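Colleague: As a plain string of letters, each chain reads:
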Amino acid sequence: MIRTEELTLNVGPQHPSTHGVLRLVVTLDGERITHVEPVVGYLHRGTEKLAEDLNFTQIIPYTDRMDYLAAMLNNYNLVHAVETLMGLEIPERAEYLRVITMELNRVASHLVWFGTYLLDIGALSPFLFAFNERETILNLFNELCGARLTYSYMRVGGVKWDAPEGWLEKVAQFVQRMRQKVDEFHTLVTGNEIFLSRMRGVGKYDAETALAFGLSGVNLRCTGVNYDIRKFKPYSIYDRFDFEVPLSEEGDCYARYMLRLEEIRQSLRIVEQAVAQIPDGPIMAKVPKMLRPPKGEVFTSIEGARGELGCHIVSDGKDRPYRIKFRRPSFVNLQILPKLAVGLSMSDFVAVLGAIDIVLGEVDG
Amino acid sequence: MSREEDTKRAPQPEEKAERAPAGQEEKATAAAANETGEAGGAEAARGASEAGGASEADGASETGGARQAGGTDAGEVTEKLARERDGKPGAGARGTTASQVDDPETDKTPRPQTASPRQEAKAPARGRAAGAPRAGAGKQAEEKPEKPSPKQPWLDRLVGRLKERFGEGVVEEASINRLSQDRPTLVVNKEHWLEVARFLKEDPELSFVYLSDIVGVDYVQYMEVVYHLVSIAHREHLTVKVRTDREEPSVPSVVSVWAGANWQEREAYDLLGIRFAGHPDLRRIMLPEDWVGHPLRKDYEPYDIEI
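These protein sequence lines map, in sequence, to chains H and D.
Number 345 in the working numbering belongs to position 345 of the first sequence; there are no gaps in the numbering.
In the working numbering, each residue carries its 1-based index in the second sequence increased by 1000.
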């Protein structure tokens, strides 16, 4: 009889594969994981508390930094909630610019995911391919609003900057190029035997588990549940665009990978249609300088890059929220990790963690 | 705290020069009382009535409905905050936002340096108003006509079924939140909350299988936990609120119904101190284990006054 002991491995806050400052206390029996305890909070900055002292426009930069890879979507999350509470109507051009930037940001976020996930798996080249394309998007955003990562582009009532001369043409060109690149990524990676054996069947769960844990985004759609808020409860002008929501029945890491790449394609479709349809006009509605939403509460959610991104605002009529809470998809999605990890080896565990697609800024808020 | 500044009330629309640490709303309301234009008229009226008819001199400040003509921009706000921070030797007013400290009579901020107990009369009103179709609906009538919401029949049916199944007193309030895209809102008695939650999830006509968010809110008289539910099968949204008292806030945990509530409840416990009875592992999640206090509470005073 071999005497075995359990080993506690600290996948500490500084780690290349945890996608941020996430600490995982892993208990191993030999090679197999018996228990995982995620410790979060290393990046908790007290955004919700700080926001109680800031007016709504001032909170926008804070939302950038929550999910810093998809900041446009975070911005929109906040301004959409405030606009719903105030009952504002947004000019057309602003809505189109919002959709274009949000979908481009989704593409950029998925590219980061693609690159870093494959880096975790051990494929070092796709990272550079993905980030090369992402550079184009970041340069486009830089031209548009002056920032590459934390845009603070949206305002309550519209957007801050209009598209400069030639910007929309560049976006259209990028869409064409990116389409080819997605095919190239598939050629590079998807058929690879090692890749397939590491991803297929790993981290599988079913729809009931996913719904019980409140998973959203690709993590939910990989089990076959068709819940994409852009289609479920359309916001902004998403109901004008023709796009599909990729679904899969498998529920494993490979399904999540395929769905995210497919989502890039669908986002490109939306951007293409938006660039074709965008009208001229003002980019900002007539809002008072001092935004005072009426007393009351609102909860709105949008389809963020990682899942359902929500915002609950309790307003008491002042220019700053009484309570604001952001429903952060990465925080909720990460809960399934301890359940999935049991019985896996460390390499599978890294694959599962990467496939959830978390951003620690969002997990901790 | 210069109270004498407050009494110096020349009704100027833009009183940027003199702004008491107590915030600009007082002046604004005085100004708004003089102006009738814009939608500010309705809001000033709302402001006046909600403060219980506070005198013009003091301003119905806490209502924030009034618009300050001329507006303020970020620079002024930061200036004001800086002044407040310097003016108060306390914890930088982290416990209550500076803008709530408007009116000396109605403001209730537990300040270390002042002894006057100022009642935050807004809190229960706010809590009820949030659920009910807006207190002062008359003033909103000009913006939204008060015709019944299309979701009202659905809500009525739901309330009827809950009453039938669980008896009276389980559903304390039921309303449609018109501001939040006609979201049906229930206030459920906390003793029965776990059963109601299970019913909402398992009943095939409702099937609220997806728990979107758990929000803990600290209204100073009581605490409230708000649950946002989605029924993907039936395309319905529902918000349920459970109220608890402030001293020993405790709400039944719904982890046995929706497993994803686990970390959300831990977060509410960590930041607000609401205990969730029956939670398998209730401990701090964001803050270190040895942290003292619950930061999101309105009366939170951090030990380090420089923060």
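Source of the hints: derived by calculation from the structure; they are not laboratory data.
Given the structure is predicted, the values throughout are model-derived calculations rather than measurements.
Glycine is no exception: its CB is placed at the ideal position from the N, C-alpha and C atoms.
Any given hint could be a false lead.
As the list claims (entries may be wrong) - Listing some non-contacts, in silico: residues in chain D with all C-beta distances to chain H over 12 Å:
| id | residue |
| --- | --- |
| 1 | Gly1169 |
| 2 | Lys1190 |
| 3 | Asp1203 |
| 4 | Asp1213 |
| 5 | Asp1218 |
| 6 | Tyr1219 |
| 7 | Glu1248 |
| 8 | Asp1270 |
| 9 | Ala1277 |
As the list claims (entries may be wrong) - Straight-line C-alpha distance at most 27 Å; calculated DSSO-like pairs for lysine-lysine:
| id | chain 1 | residue 1 | chain 2 | residue 2 |
| --- | --- | --- | --- | --- |
| 10 | H | Lys286 | H | Lys204 |
| 11 | H | Lys231 | D | Lys1190 |
| 12 | D | Lys1151 | H | Lys339 |
| 13 | H | Lys231 | D | Lys1163 |
| 14 | H | Lys204 | H | Lys231 |
| 15 | H | Lys233 | D | Lys1201 |
| 16 | D | Lys1163 | H | Lys339 |
| 17 | D | Lys1163 | D | Lys1151 |
| 18 | H | Lys204 | D | Lys1201 |
| 19 | H | Lys170 | H | Lys233 |
| 20 | H | Lys160 | H | Lys170 |
| 21 | D | Lys1201 | H | Lys49 |
| 22 | H | Lys160 | H | Lys339 |
To be verified - Chain H stretches covered by chain D per the calculated footprint, using a threshold of three residues with CB under 8 Å from any CB of chain D:
| id | region |
| --- | --- |
| 23 | 41 to 50 |
| 24 | 207 to 219 |
| 25 | 297 to 306 |
| 26 | 326 to 332 |
Colleague: It remains to establish, for every hint, whether it holds in the given structure.
Modeller: Status of the hints after comparison with the structure:
no. : hint                  : result
1   : Gly1169               : holds, 24 Å
2   : Lys1190               : holds, 19 Å
3   : Asp1203               : holds, 15 Å
4   : Asp1213               : violated, 4 Å
5   : Asp1218               : violated, 7 Å
6   : Tyr1219               : violated, 8 Å
7   : Glu1248               : holds, 21 Å
8   : Asp1270               : violated, 8 Å
9   : Ala1277               : holds, 20 Å
10  : H/Lys286 x H/Lys204   : violated, 49 Å
11  : H/Lys231 x D/Lys1190  : violated, 34 Å
12  : D/Lys1151 x H/Lys339  : violated, 38 Å
13  : H/Lys231 x D/Lys1163  : violated, 33 Å
14  : H/Lys204 x H/Lys231   : holds, 25 Å
15  : H/Lys233 x D/Lys1201  : holds, 20 Å
16  : D/Lys1163 x H/Lys339  : violated, 37 Å
17  : D/Lys1163 x D/Lys1151 : holds, 18 Å
18  : H/Lys204 x D/Lys1201  : holds, 24 Å
19  : H/Lys170 x H/Lys233   : violated, 31 Å
20  : H/Lys160 x H/Lys170   : holds, 20 Å
21  : D/Lys1201 x H/Lys49   : violated, 32 Å
22  : H/Lys160 x H/Lys339   : violated, 43 Å
23  : 41 to 50              : holds (count 5)
24  : 207 to 219            : holds (count 6)
25  : 297 to 306            : holds (count 5)
26  : 326 to 332            : holds (count 3)
Checked against the numbered hints given earlier, this structure breaks hints 4, 5, 6, 8, 10, 11, 12, 13, 16, 19, 21, 22; the rest are met.
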